[in-house]
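Participant: In the order they appear, the protein sequences are chains H and Z. The end of the first sequence is residue 1002 by the working numbering, with every number in the run present. The end of the second sequence is residue 298 by the working numbering, with every number in the run present.
A portion of the hints provided could be inaccurate.
[Stated by the list, open to error] Not the full set, but computed from the structure, chain H residues with beta-carbon under 7 Å of chain Z: (1) Q646; (2) K648; (3) V899; (4) V902; (5) R904; (6) F996.
[Stated by the list, open to error] In silico negatives: residues of chain H with every beta carbon more than 12 Å from chain Z: (7) A633; (8) P684; (9) L735; (10) Y766; (11) D895; (12) N898; (13) K901; (14) G906; (15) P917; (16) V975.
Since the hints were made in silico from the structure, they are not lab data. Beta carbons: idealized from backbone N, C-alpha and C, even for Gly.
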Amino acid sequence: MADSKVDKIKYGILKVIDVSGFKVFDPPVRLLFGEEPQKQIKDIGRYMVLPILFVVGCIFLWTVIAPTHKTKSGEVPTPTKVWTAGQDSLRFHEKEDEKEKAFFLSGEDRLAEIKEVEALQAELQAEFEKLEAISKETSANAEAETAKKLAPLQKEYDELKAQYKEAQTARKAALTALSDKVAAKQAKSADLVAAIIDNDTKTDAEKGKLKDIKTAMDDIRSNPPKEVKEAQLAANKVADEIQHGKKRLSYLTTGNLSEKKASFVAKAEDAETALAASTTGKDALKQAKYVVSNTEKADKADEQKYPRAASIVWQTHRSLLTVIVGFIIGALIAIPLGIMCGLNKIVMACLTPLISIFRPVSPVVWLLIFQIVVGAFFPDPEKHPLFVFLNSSINPLSYFQTNPAMIFSACTVAMCALWPALVNTALGVSSIDPDHLNVAKVLRLGFWSRLFKIIIPSSLPLVFAGLRISLGVGWMVLIAAEALSSSDGLGKFVWDEYQNGSSQSFANIILACFVVGIIGFFLDRLMIILQRFVSFDESATL
Amino acid sequence: MSIELDNVSIGFGPPSDRYEVLKDINLSVKKNEFVSIIGFSGSGKSTLMNLFAGLHTPDKGTVKLNGEVITEPGPHLGMMFQNYSLLPWLTTFENIALAAAQVFPNYSKKELADHVEHYIEMVKLTPARDRKPHELSGGMRQRASLARTLSLKPEVLILDEPLSALDALTRGSLQEDILNIWEAEKCTVVMVTNDVDEAVLMSDRIAPLTMGPEATLTEPFKVDMERPRDRHALNDHPEYQRLKTEITAYLMRLNKEAKELAAASGSQYTMPSVMPKNFTPISGRPSLNNKVSQPS
Ligand SMILES: Nc1ncnc2c1ncn2[C@@H]1O[C@H](COP(=O)(O)OP(=O)(O)OP(=O)(O)O)[C@@H](O)[C@H]1O
Ligand SMILES: [Mg+2]
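Chain H on its own, in the form it takes in the complex (with noise of 0.2 Å):
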């Protein structure tokens, strides 16, 4: 009986592997449990071990071959170095999200957190001292090995030039003699010319000679080693880290957003005092005015937000919600055309023209154009009463800072992720089979329910296969849209780090394009997912 309930665990997993469509674990899954152990370490070998051995080999040749590569913005960032930059990008998050959180602390919590923070900060403080002092030391003994190394460098180069400037000396005294000579005719001019040529030849070899030293030379001065950038960049870090914790501190104390509350009381307070015993009607008038003012911004206090700096958490998660947004919009526009289309032979051919001439249109063009139209509604964004609602900070979606520029996006997305889920839904209604409909004949089904109870459950297989291809559509045009409309994502996040050129930018483009491909795997699985949920018959979904 055991093995049963071992089986059902089993088949269970692999149902699990086969609907998530990663057929890859099946094979170890199947080895945990022993069967076919032979067979399984087979598969693994071929499926598994072999795929894994390729991309490592990739990433190895990646490794090689992009230090080689100088461009304007450095060397093109090894997998090193962009996974540096994916651990400082997420650690730029979490600073944002200790600055928020020290925002709004208050009472209690916010004194124990000042007392955490200093305590942090003194453990930095020590720590940067350290690190200081190691970096300094071996930049000082890193400029001993260098100059260890110049001085004979330097040595022979000084030498060498004393040298040749005497040879070139003799030479030129041996050329004015010889021209003297060849003047009282008592030498051939070719011989001038061939001694001239002989000086040059030895004069630019010298200097050759020389230049090299030189470079040599310039080559240690210009490539420290490597230890002394790691001790720099370590000890920059803890600064880092050590500015932060001001920053914190900051917004613990005078920043933070109950003191400030608090502080607009008091000033209130005071000036109610103050009201109370003025002795001129134009003092009190002022006074009264001052309450007025400091009640009102106490009262403000509470609507404002902290001022977020845009991570790449932040920038991914919006985008996401765009795009889901976007596509949302297209598909609830393409599923009901698309119905009407395979319903309706008239409709099709009305909607033909339509879709054959706007389908191919680029999405560019769709964004600028729903910049203009859409932009129009929204002459004042930041009194629209929508973003007003949407960016109010009790709304929980204003953690996503909506904005027009957003608007544009979902609408470029929903416009080119139609097109698909257009056609195919339409393909799905009009290629029913003629015997479902036949039943739906014979069982006399109103309109209603023929098309909920045998048109669209039949179609839904191809409408999901439209809707795969939308997302994934939708998903490539948004970064693009993005870039384009600065519109917060991860397109703006590849266009503002492909602007500003700092060191790590190009590490950071390579960053987003990583986190854009896995975004869009994971998306496809899930539509992949929802397919496999809706086909009834068995046919693989790949």
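For chain H, the structure is supplied; the task is to place chain Z with the ligands on it using the hints.
Facilitator: Structure of chain Z with the ligands alone, referenced to chain H:
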């Protein structure tokens, strides 16, 4: 319900590439009569069933139910499709329930489930109740389709080869079930079959369909045997013997004629010349225009 075909012709395709399937079909099935149609593959039996069900409208002639022209299909003309036409996204139970709910909208959930369950049990599909069509064998699908049609409790049962994919035992028991329903519900049955034994066992009349194109029904054979008919005793029944031989001989003749016709016109397919082992030609050979008296 009586059903009547009056000089019905039907064909498919555009005028340039016309294929006349049925021509001048005349058949009148009386109320509570059981008529079998027997004929070769591709001769137009399914097309004929579609005409009965109202799924096709004839090019010429009329199909009348109780004297009124059939204009559209409906659950009272319960059609069982030759290719089963089960909805692949629904389980056996759901397929039948979808149909039954349409005919019995006033049933409560429980009544409907009981109703469906009853027919699933009848066709012995209870173990496959919650499986989807692609998880069923061909014969199981056929039974599910039969159960669906029976669950409609139609006034006219139109069965297109309802038992062709089943083994002899299941087939026998379902024949009994269909006959029981026919007797209990007093419905009219038109059934296509390619099994002469089955036709003789079950029907009041057997109408042979000639080979297509332009197939037509010839004078039906009347099965004049008392009911209930016992399939085991039947083998020795002289009338049974006579009908079986007669119909088989008739069909072979049809085949032969078709062959000759095909040879003459250079048509593409011929039927193999096969004969049952125990076939003994009887005197008074049947001919195309055999005169078996019509039931009154
Ligand atoms: N919708 C259609 N369009 C064109 N031709 C058709 C159509 N339906 C049937 N036919 C033709 O009509 C002829 C008869 O078909 P039908 O399905 O009625 O044969 P059948 O007697 O039921 O054969 P079987 O015993 O194999 O089921 C065939 O030659 C077929 O090609
Ligand atoms: Mg047929």
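Participant: Now tell me, hint by hint, if it's right for this structure.
Facilitator: Comparing the hints with the structure gives:
With 7 Å as the threshold, the beta carbon of Q646 (chain H) stays out of range of chain Z, its nearest partner Cβ sitting at about 114 Å, so the hint is violated. Checking K648 (chain H) against chain Z by beta carbon gives a least distance of about 107 Å; that is not within 7 Å, so the hint is violated. Against a cut-off of 7 Å between C-beta atoms, the interface hint on V899 (chain H) holds, since the closest Cβ of chain Z lies about 5 Å away. Checking V902 (chain H) against chain Z: minimum C-beta separation of about 5 Å stays under 7 Å; hint holds.
Using the Cβ-Cβ criterion of 7 Å, the hint placing R904 (chain H) at the interface with chain Z is satisfied: the shortest such distance is roughly 5 Å. This hint holds: F996 (chain H) has a C-beta 4 Å from the nearest C-beta of chain Z, less than the 7 Å allowed. For A633 (chain H), the shortest C-beta to C-beta distance to chain Z comes to about 106 Å, beyond the 12 Å cut-off, and the non-interface label holds. Every CB of chain Z is more than 12 Å from the CB of P684 (chain H) (nearest about 70 Å), matching its label as outside the interface.
Consistency note on L735 (chain H): stated as away from chain Z, and its beta-carbon is indeed over 12 Å from all of that chain's, at 75 Å minimum. For Y766 (chain H), the shortest C-beta to C-beta distance to chain Z comes to about 50 Å, beyond the 12 Å cut-off, and the non-interface label holds. Consistency note on D895 (chain H): stated as away from chain Z, yet its beta-carbon is not over 12 Å from all of that chain's, at 4 Å minimum. For N898 (chain H), the condition that its CB be more than 12 Å from all CB atoms of chain Z is violated, with the nearest at approximately 6 Å.
A cut-off of 12 Å between C-beta atoms contradicts the statement that K901 (chain H) is not in contact with chain Z; the least separation is 5 Å. With a closest Cβ-Cβ approach of about 9 Å to chain Z, G906 (chain H) is found to fall inside the 12 Å limit, against its non-interface label. A Cβ of chain Z approaches the Cβ of P917 (chain H) within 12 Å, the least distance being about 5 Å, so the stated non-interface status is violated. The Cβ of V975 (chain H) lies farther than 12 Å from every Cβ of chain Z, with a closest approach of about 37 Å, so its non-interface assignment holds.
This entry does not satisfy hints 1, 2, 11, 12, 13, 14 and 15, going by the numbered hints stated previously.
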